[in-house]
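Visitor: Could you put together the complete structure from these sequences and hints?
Residues -11 to 302 (my numbering) make up the sequence shown, in order.
For the record, the hints were derived by calculation from the structure and aren't laboratory data.
As the structure is a prediction and not an experimental result, all values here were calculated from the model.
Incorrect hints may appear among the rest.
EDC-like mimics (lysine to aspartate or glutamate), calculated; alpha carbons at most 20 Å apart, straight line [said to hold, decoys possible]: (1) Lys229 <-> Asp184; (2) Lys211 <-> Asp251; (3) Lys229 <-> Glu210; (4) Lys229 <-> Glu282; (5) Lys176 <-> Glu279; (6) Lys229 <-> Asp251; (7) Lys211 <-> Glu244; (8) Lys176 <-> Asp193.
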Amino acid sequence: MAAPRLPLRPLHPFILDLRTPPTMTQIPATSAQVHPGASVAASCRLGDYVTVHAGALLGDDCEVLGFTQLWAGVRLERGVHLGPGVALEQPVDDAGAIVLGAGCRVGANATIRRGVHVGAGAVVEPGSVVAQSVPPFAIVSGAPARVTGYVEQLSPEAGGKWHNIASFPATPAVVRLGVGDVTLHRHKMVGDPRGDLVYGEFPTDVPFEVRRYFLVFNVPSEKTRGEHAHRRCKQYLICVKGSCALVVDDGNARCEVVLDSPDQGVYLPPMTWGIQYKYSPDAVLLVLTSEYYEAADYIRNYGEFLDEVRSGAQ
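Guide: What follows is the structure in structure tokens.
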């Protein structure tokens, strides 16, 4: 005896492009369900047993492969891809909203807790449990999920230049990284049986007048620091002990630099998005700045940063 068929439920009125024959990827599965009050773009693709509840929002070209509940307070921006069996924890209030940024990809059977924002272009590996927000273009995995890397290449339409992990010069020198005006500096180091010495001079080796410094240390290895840009402030970073990784992004190009020696420095000009992660347990990061602390100088939202970069280029 044939297995009983589930009754068909009314679907959101998708609009197909009639200029070309429709394909299966353009047609939502018959077991998908979109409730009245949900907002689903016509170009979205829904797999089997996907339910979109009233108050959920799916932007253009999103793809949800199957067996996922999209609750009120869940927002998928353009081009988000959810693998099969992704679990989104149901938000209970506005603070619990789940936002998946444009172009991010969430692997099969991953879990996203309420209140989490996954940044544009980020990748959540299959089976990960994401309990805290994910930076743009970060790659996270594990339970709980932690940042394990950053996306090095985007689709051609995303534009921009994308770089691999950079290396410092072998001898004292200053080299341009290829991301805006970011430069890598190898300082002079003197070996001595009594203790090694690294030295530099202002403003010859650090290209600005220093007004402030701070040290970052005792950072748990799974944590990410930075995640902001400055409108006016220049920065110079040296990992004086241990190691950490620095991601720099000028809105058009991105690169990762490993700081693992006290004779290495990185200059970050204004309007450079900076992220530090992969801290070793003994890492101590020294940051020199050209300005005193001013909250208004910080840009903490990556989308706002891109908007200001584009407006400044016009």
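Visitor: Indicate, hint by hint, whether the structure satisfies it.
Guide: So, going through the hints one by one against the coordinates:
no. : hint              : verdict
1   : Lys229 <-> Asp184 : holds, 13 Å
2   : Lys211 <-> Asp251 : violated, 25 Å
3   : Lys229 <-> Glu210 : holds, 18 Å
4   : Lys229 <-> Glu282 : violated, 28 Å
5   : Lys176 <-> Glu279 : violated, 26 Å
6   : Lys229 <-> Asp251 : holds, 10 Å
7   : Lys211 <-> Glu244 : holds, 16 Å
8   : Lys176 <-> Asp193 : holds, 10 Å
Hints 2, 4, 5, counting from the list given before, are not met by this structure.
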